[in-house]
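Chemist: Just so you know, the sequences run in chain order A and B. Its first residue numbered -5, the first sequence is counted upward by one per residue in my numbering. Its first residue numbered 13, the second sequence is counted upward by one per residue in my numbering.
These aren't lab readings, by the way, just hints derived from the structure by calculation. Cβ atoms here follow ideal geometry from the backbone N, Cα and C, with glycine treated the same way. Honestly, I wouldn't trust all of these hints.
Claimed, not checked - Partner residues aside, some chain A positions facing chain B, computed with beta carbon under 10 Å: (1) 143; (2) 313; (3) 350; (4) 390; (5) 393.
Said to hold, decoys possible - Dumping the calculated DSSO-like pairs for lysine-lysine here, alpha-carbon to alpha-carbon at most 30 Å: (6) A:183 - B:283; (7) B:457 - A:183; (8) A:183 - B:254; (9) B:410 - B:443.
Claimed, not checked - Among the chain A residues that face chain B by a calculated CB cut under 7 Å, a handful are: (10) 147; (11) 148; (12) 180; (13) 197; (14) 338.
If you want the building blocks of each chain, they are given just below.
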Amino acid sequence: MATLFQGLPSSTAFSSSNKFNHAPAPTSFSERKSSIVTVRSDARWSPVLNSATHKPQRLITNAVATKADSSLASTSSKPGHELLLFEALREGLEEEMERDPCVCVMGEDVGHYGGSYKVTKGLATKFGDLRVLDTPIAENSFTGMGIGAAMTGLRPIIEGMNMGFLLLAFNQISNNCGMLHYTSGGQFKIPVVIRGPGGVGRQLGAEHSQRLESYFQSIPGIQMVACSTPYNAKGLMKAAIRSENPVILFEHVLLYNLKDRIPDEEYVLSLEEAEMVRPGEHVTILTYSRMRYHVMQAAKTLVNKGYDPEVIDIRSLKPFDLHTIGKSVKKTHRVLIVEECMRTGGIGASLTAAITENFNDDLDAPIVCLSSQDVPTPYAGTLEEWTVVQPAQIVTAVEQLCQ
Amino acid sequence: MASSWSLIRRSRTLIHHKKKLAFLGIGSAPTFSSSCSSPFMKRPCAASAAYINNNYSSAHHHFRFLRRFESTKAEAAQLELQHYVTDDDDNNQVIDFPGGKVAFTSEMRFVSESIQKRVPCYRVLDDNGMPMKYSNYVQISKEMAVKMYSDMVTLQTMDSIFYEVQRQGRISFYLTSMGEEAVNIASAAALSFDDIILPQYREPGVLLWRGFTLQQFVDQLFGNTSDLGKGRQMPIHYGSNKHNYFTVSSPIATQLPQAVGAAYSLKIDGKSACAVTYCGDGGTSEGDFHAGLNFAAVMDAPVIFICRNNGWAISTPVEEQFRSDGVVVKGQAYGIWSIRVDGNDALAVYSAVHTAREIAIKEKRPVLIEALTYRVGHHSTSDDSTKYRPIDEIEYWKMERNPVNRFKRWVERNGWWSDHNESELRSSVRKQLMQAIQVAEKAQKPQLSDLFNDVYDRLPSNLEEQERLLREIVKKHPEDYPSDVPL
């Protein structure tokens, strides 16, 4: 079984009042300097290996890492380079396209325009407009095209301009993408990556604020991951491209301009693993994508109030990393799920069911799930803010849970 | 592309003058072996880029146009449009808009939804299997003709026997291709084994032509352990990557955009092959038909779209499916070369597909073929078509307009087939089928682990868990578990 080495983002600031700082030993940095490519581990974890290599992550006291640059106190050297999340995605994409000539990108405006969120900027000039393909506006069609190309040997990355539009591609994704490897008896494989921005933005209206992970989670045959930092964005992008299964990579509209430092060496993350953002003792907070930052902001307040939350960015939405989650539940016995999905049928709903089924005996209290209401996202800024879970609600929920 | 518009316009004037018109309609570039020598065929090779740049100052979209040419190497013929607009039109006033120059007119005239005459149908043999006067077609050898005919007979026999097997309750479902044997076999014969086939579901003949054995067909129908699909799909959902035949997927027309993807992949690999995809008249109503054709045209993808217009989509006749003149006119709307072919005429289908393949590969462009035919059988074993169409109509098409008999007369007339061959073939095929069915019926079903394999490349932990649970249940209640499924 391959060892997992998760590199650590280094742009975190340390606040002096932080008594829960589990700063890792400097040895982790020297390990990182050698060029390591993380290999995807099996679904089966070996606990021995896990404890040896799975170092606790550093504390992130800022909700959003952008202001962290000034206080990189504990890193003696400054490994890596700084970039924004969309640039990290592009870097991952570019490296994979260089590595494997079968990788291609297709979507609306990805070629000469460089993509609506600039993720594919410059790639058409570098790789030619056959490998970075501009398509007419028909999501079902270019998703179908990607599937046909994948069955014939290419590795396409299908970009939806907004995840919500991929509802038009649901037929191809569900009936063909997820199924054809199975129904063909394993004769045809479909190594596509379907990616795009989703989630609630800033007053984009209901149709542009969809959380599609709740609709897609039931499709057998696909994997779903959600990135939240430049580090995991690049790692997950590369892992998704290298995977032989169809993978849906969920990005968030508001996270594209997150700045962070990522390693210079090549690295690939595992598609089935969660990320320990902040270890703790009192409560397990499970979250992903943008809500991670709301949780971390709430964590700051909670820490000041004397709580010690353990924050896990689940990253892998299908399948869930029940190993990491289970370990955490066995430690803290309390679970709070913070998501952006709607209450009904969201990722949180499935996660609640999965945890209850598997770890019921370890829970001291019912699982609390904070999600958006079952309403279309309104345009008005104030209303929109109240459909998304805010840090204050998270603090209140933790306080209630820990009584 | 509008250049095909101008070329088709030209070809209509030629229709009034010359024979061999059908072949002209599809032969375009001088590369095609056509004996016709009209000035129409000798087009100038390439307009210079300078011409374009001088004439169109706001050249952003044109610049992209040209840049696409550099990477995709499409024919310069597409630049010809500019010539025709400025040379041909009576009005010497033209106006510039995104998309190109258009002549304008002060007469307000709506374009009618259909032309007066329907697009004519290309045909080589008459109903009696006699080559028509002046017919122009691609010659086939005796071996090819005999193989084509034998496969058509095999397909016919397969269909009638498997239909009966379903009626006897031995398989759950079947769908015949009766009446469409010529489309199936002749189109397959005109392609090479490198061409990638994306079928709808009424094209098993293509797989038969490529060497799928009768045993393999039967194994899929019975879903046993020898089935390439491991028993996961309904009957007739064949698929074989060895034969470049994509697994059939039930939803209609989803294979059309996938064909564009497959063609795109072939183009990137620089292979001398094309993607060929089939659908029915009903499938042309699906959104994927529109999107697939549009994409193929824009991407310059080497795809052949073969639409089997067999008159019926379960119980919906074509009059209720679309209001256009069939499917062939739809190609023009997307800028795609199209032809209407007598789908029950094996030689016509062969010639059209053969030429379409050359066009697609050499010119890197899609082609649409509408094969007019008739669905003699019911839609499937779940349908009784006598409920919505008269029995004598079915009988007429089954007997008098039978494509197999028609081709047989031509083959016999050439002295390549005899009654003796006929009876031998039919009894041999029957026997082989019966044997294959016996073997398949007795074979084991796929094992339980095949329920969980291949969902992903490797078994994830949640599926492992689910398999474990299932095995526990089976152990507890063995009497409820089917005996022919190995654990």
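Chemist: Given residue 148 of chain A as an interface hint, is its Cβ closer than 7 Å to any Cβ of chain B?
Modeler: It holds, given that the least Cβ distance between residue 148 of chain A and chain B is near 5 Å, below 7 Å.
Chemist: Residue 147 of chain A was flagged as interface toward chain B. Is the shortest Cβ-Cβ separation under 7 Å?
Modeler: Result: holds, 6 Å to nearest chain B Cβ.
Chemist: Are the Cα atoms of residue 457 of chain B and residue 183 of chain A separated by 30 Å or less?
Modeler: Given pair residue 457 of chain B, residue 183 of chain A holds - Cα atoms ~23 Å apart, limit 30 Å.
Chemist: Does the closest beta carbon of chain B sit nearer than 7 Å to the beta carbon of residue 338 of chain A?
Modeler: Since the shortest Cβ distance to chain B is 22 Å, the answer is violated.
Chemist: Run the distance test for residue 410 of chain B versus residue 443 of chain B: straight-line Cα separation, threshold 30 Å.
Modeler: Given pair residue 410 of chain B, residue 443 of chain B holds - Cα atoms ~24 Å apart, limit 30 Å.
Chemist: Residue 183 of chain A and residue 254 of chain B were given as a pair; does the straight-line alpha-carbon distance stay at or below 30 Å?
Modeler: 14 Å, holds
Chemist: Using 10 Å as the Cβ threshold, decide whether residue 143 of chain A counts as touching chain B.
Modeler: The hint holds - residue 143 of chain A has a Cβ within 10 Å of chain B, the shortest such distance being about 4 Å.
Chemist: Was the hint right that residue 313 of chain A lines chain B, CB cutoff 10 Å?
Modeler: Holds, because the Cβ-Cβ distance from residue 313 of chain A to chain B comes to roughly 5 Å (cut-off 10 Å).
Chemist: Quick one, are residue 183 of chain A and residue 283 of chain B close enough, alpha carbons at most 30 Å?
Modeler: 20 Å, holds
Chemist: Hint validation: residue 393 of chain A versus chain B, beta carbon distance must be below 10 Å. Holds or violated?
Modeler: Violated - the Cβ of residue 393 of chain A stays beyond 10 Å from chain B, reaching only about 33 Å at its closest.
Chemist: Go through the hint on residue 197 of chain A and say holds or violated, using the shortest Cβ distance to chain B against 7 Å.
Modeler: 31 Å, violated
Chemist: Next item in the hint list is residue 390 of chain A. Is there a CB on chain B closer than 10 Å to its CB?
Modeler: Status violated, d = 33 Å.
The structure shown violates the earlier hints numbered 3, 4, 5, 13, 14.
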